[in-house]
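S.K.: Work the whole structure out from these sequences, hints included.
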Amino acid sequence: MKSEFAVEFHDIVKIFPTPEGGQVNAVDHVSININHGEFFSLLGPSGCGKTTSLRLMAGFEWPTNGDVVIDGEKMGRKPPYLRPVNTVFQSYALFQHMTVFQNVAFGLEMEKVPKEEINRRVNEALEMVKLPGMGKRKPKQLSGGQQQRIALARALVKRPEVLLLDEPLGALDLKLRKEMQLELKALQEQVGITFIYVTHDQEEALTMSNRIAVMNRGKALQIGSSVEIYERPNCRFVADFIGETNFLSGTVKAIEKDRVRVEVTSPRQEITGIGIGNLSVGQAVAISIRPEKVHLVDDDGSEAMDQNKKENQLKGRVTATAYIGSDTRVVLELGTGVRMKVWEQNAISTLDPEAYYSVGDAVRIIVPFENTLVMPEDIG
Amino acid sequence: MISEQASESIKRKFSLSRSLRENPITQGLFLISPANIYLFIFIVLPLILVAGLSFLSRGTYGQVEFRFDITNYTRLFDPLYGKILLFSLGVGLGTTVICLVVGYPLAYFLAHAPAKQRSLLLFLILLPFWTNFIIRIFAWMIILRSGGVLDSLLQWLHITQAPLNLLYSPTAVMIGMVYEYLPFVVLPLYTSLEKIENSLLEAASDLGAPPWKAFLRVTLPLSVPGMIAGTILTFIPSMGMFVVPDILGGAKTILIGNVIRNQFLTARDWPFGSAASMILMLLTMIFTLYYTRKAGFGEELLV
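So the sequences go chain by chain: V and B.
Sequence positions in the first sequence follow this note's numbering and run 1 to 380.
Sequence positions in the second sequence follow this note's numbering and run 1 to 303.
The set of hints was computed from the structure by calculation and includes no laboratory data.
Built from N, CA and C at the ideal position, the CB exists for glycine as well.
Among the hints, erroneous ones may be present.
[Said to hold, decoys possible] Which chain B residues stay away from chain V? Per the calculated CB distances, all over 10 Å, these:
id: 1; residue: I48
id: 2; residue: F66
id: 3; residue: R75
id: 4; residue: L76
id: 5; residue: A111
id: 6; residue: L121
id: 7; residue: I125
id: 8; residue: L154
id: 9; residue: L222
id: 10; residue: L265
[Unchecked claim] Lysine to aspartate or glutamate pairs mimicking EDC-like chemistry, simulated, CA-CA at most 20 Å apart:
id: 11; chain 1: V; residue 1: K178; chain 2: V; residue 2: E161
id: 12; chain 1: V; residue 1: K140; chain 2: B; residue 2: E197
id: 13; chain 1: V; residue 1: K310; chain 2: V; residue 2: D327
id: 14; chain 1: V; residue 1: K219; chain 2: V; residue 2: E8
id: 15; chain 1: B; residue 1: K213; chain 2: V; residue 2: E109
id: 16; chain 1: V; residue 1: K293; chain 2: V; residue 2: E203
id: 17; chain 1: V; residue 1: K138; chain 2: V; residue 2: E109
id: 18; chain 1: V; residue 1: K78; chain 2: B; residue 2: E202
id: 19; chain 1: V; residue 1: K138; chain 2: B; residue 2: E197
id: 20; chain 1: V; residue 1: K341; chain 2: V; residue 2: E244
id: 21; chain 1: B; residue 1: K116; chain 2: V; residue 2: E20
id: 22; chain 1: V; residue 1: K219; chain 2: V; residue 2: D240
id: 23; chain 1: V; residue 1: K257; chain 2: V; residue 2: E370
id: 24; chain 1: B; residue 1: K213; chain 2: V; residue 2: D361
id: 25; chain 1: V; residue 1: K136; chain 2: V; residue 2: E161
id: 26; chain 1: V; residue 1: K74; chain 2: V; residue 2: E61
M.R.: Structural data, given as structure tokens:
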């Protein structure tokens, strides 16, 4: 009988002493439920607590407070060698004094699996990571990508309940990393094991994960699917960390059903958008506008006209442009130092310079209400 | 005519030296010549002198006579010397093994001490070297002699009743030797152990190895280079040691080192002393080579 979740974090706190004699909350009241068979990513900048969270699951650290539950069983202070999880280390941590075969067989030997079965399973695992026949080599004789695969085979051969991966692709070059991302995802679907994946690369997390927890300063700010965290970030940090965006600051003026009207400080005007989270009138908020979710029209100098009340309009002047093929990246000045990035898709094929914006053009920025996200400045 | 010949020979000489300069082998030899000169003066030359001396004979008054003599070597096959040689081998091996057994936990502890304390601890290990070696061995006389520091302590703790009479016994020699060579085992072992990344032990634990198994399968094999270095640094010099047996062993414990020293300083039989040195060197070399092969020295160094 399987438990409800593969891994649960119940209000986990992990405090480390700092060298200066102080304390730091590496993980700060985090609660997460990770489903069986899920590809779950812990995403955040360095020092956000994602690796510590992973180490708490592996058993290399014990929580100061709260419970780590794996497959329905409270872990308490169980050491790593008694936990049904295996780890792929960032540095691979391969045993250099053993052959590839011995490395992969190590975990099975510890379980006292019979010799013939070890042989069979190790060879299967090496085939699975596409390195058959490499068993006799030493890890040092393999490339970085191959070592990565050995580390993966060594952990997977144990058929763990949960596989923990600590930035496993961090040391690989970009091309290899992209390849391995797809392979890892395919492998995870093939073996059906829960993968918990630590990364600081948002693109990596977005491509591979079923769900992502965005972490900062020890807190899990938002947990959701790729679409959810990109399209509905719940605070300024998440919106900023995932993809690119523009921010305007202001205070809530009125809340009407799902629409929120905000008095923006600079430029001084009213903007309407979708409210995220519990907002109240008078609250300081951030407005996030993604550069690809707006479009520009030439400013003819007339007053803003928005008869159907569906979109915000801002005025600006082009200060820089960069043509990058699929779109043109335009930087606008909204007045009083506020800048905005806009990506104009080059939908029409033309050589006419008039068709593209150039520095100095006065433009009107059209942002539909549903593309304007109003969120708390800070949560947690 | 003469001048033409001269210029010809100069030209030839010049071209020869140029070809020498351009030849990669001579170039390489030239570049390493400082090291070669050093090795020649301090290692090859003394060795040739000793080897040459070992085939000469002793004059009536202890001078060296230039007369070929092989008996220096045949005399060594006397069971008396054979016994001493075997005993020395035993003491050398014993010293090495005890140093490894005692030194390993110490090195392990050092390597895992907090970084702040580590340099202090290392300093403490090296501190004895600030005092002359002979003085330190004399200090052991005070500790080991009947009714000395050790005896008093043990009797005060009611562990022993009578004096142990340790001084001037093979045990005293072993204690002195282990004391002397312990740092030479601890330091290379420490270097080896300290290099082992913690993530490797975490990986072992992650894969299901309890701490003692992780130690046997990961830490121990990865510290082999340190063990080999420590063994060589201990075993080779301990085979030729004569100060410790002299001071702590009295006349009862004689090692091959004492025999050699006596030939040079007391018996004034330099050729025989040289022959004994050559045999000792040969034995040590064979032993060390065999040992390093067995322990997979070359392969481990690659790691």
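S.K.: Now tell me, hint by hint, if it's right for this structure.
M.R.: Structure-based check of each hint:
| no. | hint | result |
| --- | --- | --- |
| 1 | I48 | holds, 41 Å |
| 2 | F66 | holds, 55 Å |
| 3 | R75 | holds, 47 Å |
| 4 | L76 | holds, 42 Å |
| 5 | A111 | holds, 17 Å |
| 6 | L121 | holds, 20 Å |
| 7 | I125 | holds, 25 Å |
| 8 | L154 | holds, 41 Å |
| 9 | L222 | violated, 6 Å |
| 10 | L265 | holds, 47 Å |
| 11 | V:K178 with V:E161 | violated, 26 Å |
| 12 | V:K140 with B:E197 | holds, 15 Å |
| 13 | V:K310 with V:D327 | violated, 25 Å |
| 14 | V:K219 with V:E8 | holds, 15 Å |
| 15 | B:K213 with V:E109 | holds, 11 Å |
| 16 | V:K293 with V:E203 | holds, 19 Å |
| 17 | V:K138 with V:E109 | holds, 19 Å |
| 18 | V:K78 with B:E202 | holds, 14 Å |
| 19 | V:K138 with B:E197 | holds, 18 Å |
| 20 | V:K341 with V:E244 | holds, 9 Å |
| 21 | B:K116 with V:E20 | holds, 13 Å |
| 22 | V:K219 with V:D240 | holds, 16 Å |
| 23 | V:K257 with V:E370 | holds, 13 Å |
| 24 | B:K213 with V:D361 | violated, 72 Å |
| 25 | V:K136 with V:E161 | violated, 28 Å |
| 26 | V:K74 with V:E61 | holds, 15 Å |
Checked against the numbered hints above, the structure breaks hints 9, 11, 13, 24 and 25 and satisfies the rest.
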